[in-house]
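Number of protein chains: 2
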Amino acid sequence: MIKGFPAEPEESIIYQLNVINFIKHAIRNFARQEIISRKLDGTLFRYTYKESYERMQRLANALESIGVKVADRVGVIAWNTHQHYEIYYGLPGMGAVMVTLNLRLAPQELAYIVNHSETKYIIVDEDLIPIAENIANLCDKVKGYIIITDKDLKNVKTNLNPIYSYEDILSKALPEYKWLNLDENSAYAACYTTGTTGKPKGVYYSHRNLYLQTMMFAAYFSFSVKDVVLQLVPMFHVLGWSIPHASTYVGAKLIFSGKWNLNDVEELTKIMVQEKVSLTGGVPAVFMAMLEVIKKMVEKPDFRRTRLICGGSEPPIALMRGFWDETGGEIIHSYGSTEAMSNSTINSFKPWLKKELSEEELWELKKKQGIIVSGLDAKVVDENGNELPHDGKSSGEILFRGPWVTTSYYKTAHTKSSFTEDGFFKSGDAGCIDSEGYLKITDRIKDVIKSGGEWISSIDIENSLISHPGVLEAAIIGIPHPKWDERPLALVVLREGFQSMKKEEIHGHLAKKFAKWQLPEEILFVESIPRTSVGKLNKKLMRSKYQDFFTKS
Amino acid sequence: MIKGFPAEPEESIIYQLNVINFIKHAIRNFARQEIISRKLDGTLFRYTYKESYERMQRLANALESIGVKVADRVGVIAWNTHQHYEIYYGLPGMGAVMVTLNLRLAPQELAYIVNHSETKYIIVDEDLIPIAENIANLCDKVKGYIIITDKDLKNVKTNLNPIYSYEDILSKALPEYKWLNLDENSAYAACYTTGTTGKPKGVYYSHRNLYLQTMMFAAYFSFSVKDVVLQLVPMFHVLGWSIPHASTYVGAKLIFSGKWNLNDVEELTKIMVQEKVSLTGGVPAVFMAMLEVIKKMVEKPDFRRTRLICGGSEPPIALMRGFWDETGGEIIHSYGSTEAMSNSTINSFKPWLKKELSEEELWELKKKQGIIVSGLDAKVVDENGNELPHDGKSSGEILFRGPWVTTSYYKTAHTKSSFTEDGFFKSGDAGCIDSEGYLKITDRIKDVIKSGGEWISSIDIENSLISHPGVLEAAIIGIPHPKWDERPLALVVLREGFQSMKKEEIHGHLAKKFAKWQLPEEILFVESIPRTSVGKLNKKLMRSKYQDFFTKS
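Top line first, the protein sequences correspond to chains A and B. To convert, take the position in the first sequence, counting from 1, and add 124; that gives the working numbering. To convert, take the position in the second sequence, counting from 1, and add 124; that gives the working numbering.
Calculated from the structure, these hints are not laboratory results. Treat the hints with caution; some may be incorrect.
Stated by the list, open to error - Using 30 Å as the maximum straight-line C-alpha spacing, the simulated DSSO-like pairs for lysine-lysine come out as follows:
no., chain 1, residue 1, chain 2, residue 2
1, B, Lys-148, A, Lys-540
2, A, Lys-517, A, Lys-637
3, B, Lys-163, B, Lys-419
4, B, Lys-148, A, Lys-503
5, B, Lys-302, A, Lys-550
6, A, Lys-148, B, Lys-479
7, A, Lys-474, B, Lys-394
8, B, Lys-148, A, Lys-491
9, A, Lys-503, B, Lys-479
10, A, Lys-350, B, Lys-296
11, B, Lys-127, A, Lys-265
With the hints as extra help, turn the sequences into a complete structure.
If you want it as structure tokens, here you go:
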């Protein structure tokens with residue numbers, strides 16, 4: 125780093141970027157804006173930013189009153205609720221670190237995170253107490269549990285100990301809090317990432333990281349006070365993809381989805397229509413379910429002004445087209461990771477491509493991960509770390525660096541292998557960038573299939589398999605092959621009613637789209653496909669099981 | 125400042141915010157986007173971001189080749205041209221500081237700035253050589269002048285020495301430059317502010333200041349690659365109100381207005397229509413002239429998607445209404461200063477106010493400076509520095525603090541009186557904030573009129589005076605008064621054809637809008653009103669001239 129001419133004298137105060145400023149700003153200007161929270165019984169709780177802010181301040185005071193100190197780590201196990209939102213500001217605002225706990229992790233993983241982060245207190249939804257109970261014995265350094273409940277604590281059944289009532293401690297606390305002037309490199313939250321191997325790895329977001337990422341995101345999606353935002357993305361996933369913070373940044377109306385699964389999508393869709401939601405985000409499976417609901421609706425929702433941010437995996441064209449045809453709503457593909465935060469890329473069209481490409485080409489383009497957002501450095505590199513050209517073909521690992529990309533894991537040896545010395549995060553994703561800057565992810569690097577020197581994208585083939593009406597689940601793995609180094613093997617779970625389908629049918633389906641050398645060498649029908657605790661395909665396990673499939677014969 | 129839990133180990137690399145990243149990003153994704161520059165002969169020069177970027181890199185190399193080093197200061201005297209845009213990145217990108225020189229300043233002011241900043245080289249448009257010549261003898265430390273011209277240097281008449289040709293040194297330089305990893309607190313540019321008293325004061329913007337301000341601005345105005353942006357604001361004014369940088373941030377199409385004055389507004393309006401401009405900015409006088417042009421057009425421009433950012437002073441309702449009625453375009457009032465950068469406030473409507481207020485009330489609201497943007501701390505304080513309530517009445521001085529607000533002037537004693545110890549900039553503007561957060565500026569603090577303990581807004585009365593068809597110019601000043609401490613005195617320049625107008629007519633015009641005690645105690649018709657070198661009302665001079673007007677009699 126080179127020092128230029130100092131803009132101000134060395135002793136000047138550098139104004140620190142602090143996430144609490146988002147809500148302070150919202151209150152200054154948008155105190156009357158509404159916040160809605162979907163309760164367990166499905167009713168909608170409504171209050172305002174002003175009321176929320178008072179409770180955030182009470183929470184900060186309350187946490188201090190029970191002994192939470194600056195730099196302490198406090199875990200959160202919660203649905204998407206207004207209390208969770210209050211915690212987003214009240215907890216890190218008093219200088220503690222919010223440890224976001226994914227309620228879908230296995231107990232040993234959760235316990236590892238709690239212990240590794242030395243979490244002192246855990247805030248937990250009454251409905252999720254069993255998750256906390258499952259790890260309590262493994263986490264003997266936790267000093268207490270704060271239960272989010274409307275009930276009197278006496279009526280809450282749990283063996284957690286000691287326990288506090290979130291509402292109780294808030295009601296006893298003062299409604300005003302003098303927010304700290306925190307060093308911007310202080311941790312705002314810790315988010316642990318889980319893979320198919322090893323222990324979860326801790327990514328600690330500083331206030332600065334999150335502040336800058338939020339500003340970028342707000343700019344890219346034109347968040348404004350006129351927006352009505354439905355928070356579907358779990359708030360423990362990469363901070364809910366930054367949607368709550370970007371909404372607060374501009375004072376948008378917020379709707380928290382509460383506890384929900386795919387069966388609740390019909391109800392959530394109705395809320396979208398009723399409250400005129402203009403922005404939401406989710407994984408393809410959620411939008412798929414929503415599209416099914418919409419297809420059955422007599423009066424179609426008007427989503428022409430609604431941005432549907434889709435992440436997690438590639439949205440199928442049928443999904444995007446379906447939304448467009450039924451509602452006028454645009455699904456926008458975005459890609460991120462725990463380490464580089466959400467929205468490392470965003471797929472939006474450039475005016476000239478809209479003119480130059482055919483409709484079919486535009487839909488194909490929309491599947492890609494998108495252009496790398498301003499602020500990030502990114503490159504695709506080969507095995508030796510050499511940068512590859514942006515030609516839409518040269519595939520390698522994609523690396524990110526930037527103002528909100530972490531440069532290390534908290535206290536683990538993994539840092540060395542996952543980050544370069546000049547601050548790039550090695551994403552573990554394989555892909556290529558085209559001449560217009562659009563990134564396409566083809567595989568996880570460790571799942572890459574190299575057949576005769578050429579890369580085969582397992583993601584493309586899997587997506588094509590799943591688009592067949594008879595296929596419920598599918599995975600493509602690369603297996604050692606005597607002639608071609610590796611060849612792809614397809615594992616397919618058939619849907620009910622398609623059990624008699626032949627391999628040739630699948631093969632023919634794929635052959636319409638892929639070159640012969642890209643087609644799976646073999647297709648196996650299986651009962652189920654192994655997945656990790658967060659539902660990702662466990663290809664490591666599959667490869668191990670089938671490793672000598674092509675060599676033994 | 126309190127240190128929380130460190131998000132990453134102390135020795136970690138903090139990714140530095142560097143303005144050069146905006147153009148690097150634009151090139152990565154929007155290399156084909158067009159940039160237009162209006163030449164002296166009125167023709168339009170067109171090239172692309174890609175071509176511009178190559179020239180920025182050549183410029184960085186060229187500056188090094190003539191001896192410019194990291195941290196050196198380099199002055200720029202230029203119109204709004206594509207070369208000026210190249211300088212915006214090429215110059216600070218190689219670590220030097222761009223000293224923006226306002227070509228409308230008096231020679232002694234310009235010379236002071238050049239000497240005070242120890243400017244080493246000056247880049248100057250051929251057309252503006254006389255300005256540089258006027259100060260050359262006063263600035264003996266300047267080592268050379270770089271002339272922006274298409275001509276061979278032999279054919280450029282000047283006594284500046286030594287001189288370089290901008291095009292020559294670019295053509296000889298390499299087209300690739302490895303941008304520096306600059307410390308983000310390094311100065312990007314220096315902008316000197318001039319008042320009615322004393323020497324110009326130097327505000328040095330760091331890369332970090334400008335980076336953060338640009339992101340905020342891009343978010344607030346939803347800049348996107350689909351935008352076509354006309355740069356009317358002089359690029360030496362608070363960095364052209366950040367419009368060039370925000371456009372680059374998203375890869376918008378840019379049009380530079382070249383050399384122009386109010387007589388060129390018709391031509392510029394035609395360019396707006398022809399190129400489908402979706403965003404521009406200017407002072408009310410420019411938009412007034414544009415509205416006159418539009419009123420005469422048979423086919424009205426469609427500005428329904430065009431944001432017209434209006435700063436410098438309060439836009440009259442007639443102006444805003446005129447644009448709305450004639451074109452569907454919205455004039456958006458924004459307020460800034462050299463020290464707090466542009467867009468400290470932006471006047472945009474909240475959904476609920478649109479519902480609650482009448483049309484007339486909304487127009488009145490639109491005149492206000494707007495809500496304070498996210499990221500800034502702001503307060504209105506009384507003479508003792510006590511914060512005043514947001515009640516829309518309590519007036520005092522408005523103070524700003526934030527990630528892009530300077531906390532000192534470069535090497536002057538003024539810093540002590542203009543900044544608080546906790547980092548607030550004392551704007552010198554008097555105003556009040558209402559319960560919805562809208563700031564209204566009523567006066568310069570030093571021009572405030574206190575009559576019988578009540579504040580009278582000279583700005584409101586001046587604007588009302590100017591709205592009278594017979595009034596060409598007007599100023600309201602506070603003059604010592606034996607009974608009321610101070611009373612307002614109006615100085616009015618009448619338009620041709622209205623020379624016989626009576627005081628009573630003016631008085632009656634004001635009496636429709638203001639309370640009796642707010643009305644000027646006396647109205648004087650004068651030949652002209654004294655102004656500063658940048659065209660502001662010179663009230664200090666007026667007060668001095670009329671100081672005993674109410675006491676002598």
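Results for each hint:
With a C-alpha separation of about 28 Å, the suggested pairing of Lys-148 of chain B with Lys-540 of chain A holds against the 30 Å cut-off. Using a Cα cut-off of 30 Å, the hinted pair Lys-517 of chain A and Lys-637 of chain A holds, with the two alpha carbons roughly 17 Å apart. Note on Lys-163 of chain B and Lys-419 of chain B: the hinted pairing holds, with a Cα-Cα distance of about 27 Å set against a maximum of 30 Å. With a C-alpha separation of about 13 Å, the suggested pair Lys-148 of chain B and Lys-503 of chain A falls inside the 30 Å cut-off, and the hint holds.
For the hint pairing Lys-302 of chain B with Lys-550 of chain A, the CA-to-CA distance comes to about 23 Å; that is within 30 Å, so the pair holds. For a cut-off of 30 Å, the pair hint linking Lys-148 of chain A to Lys-479 of chain B stands: about 25 Å separates their Cα positions. Note on Lys-474 of chain A and Lys-394 of chain B: the hinted pairing holds, with a Cα-Cα distance of about 25 Å set against a maximum of 30 Å. Annotation: proposed proximity of Lys-148 of chain B to Lys-491 of chain A holds, straight-line Cα distance about 25 Å (limit 30 Å).
Between Lys-503 of chain A and Lys-479 of chain B, the direct Cα distance comes to roughly 49 Å. Violation of the 30 Å bound is thereby established for this hinted pair. Between Lys-350 of chain A and Lys-296 of chain B the CA atoms are separated by roughly 52 Å; this puts the pair beyond 30 Å, and the hint is violated. Proximity of Lys-127 of chain B to Lys-265 of chain A is assessed by CA-CA distance (about 24 Å); at most 30 Å being required, the pair is judged to hold.
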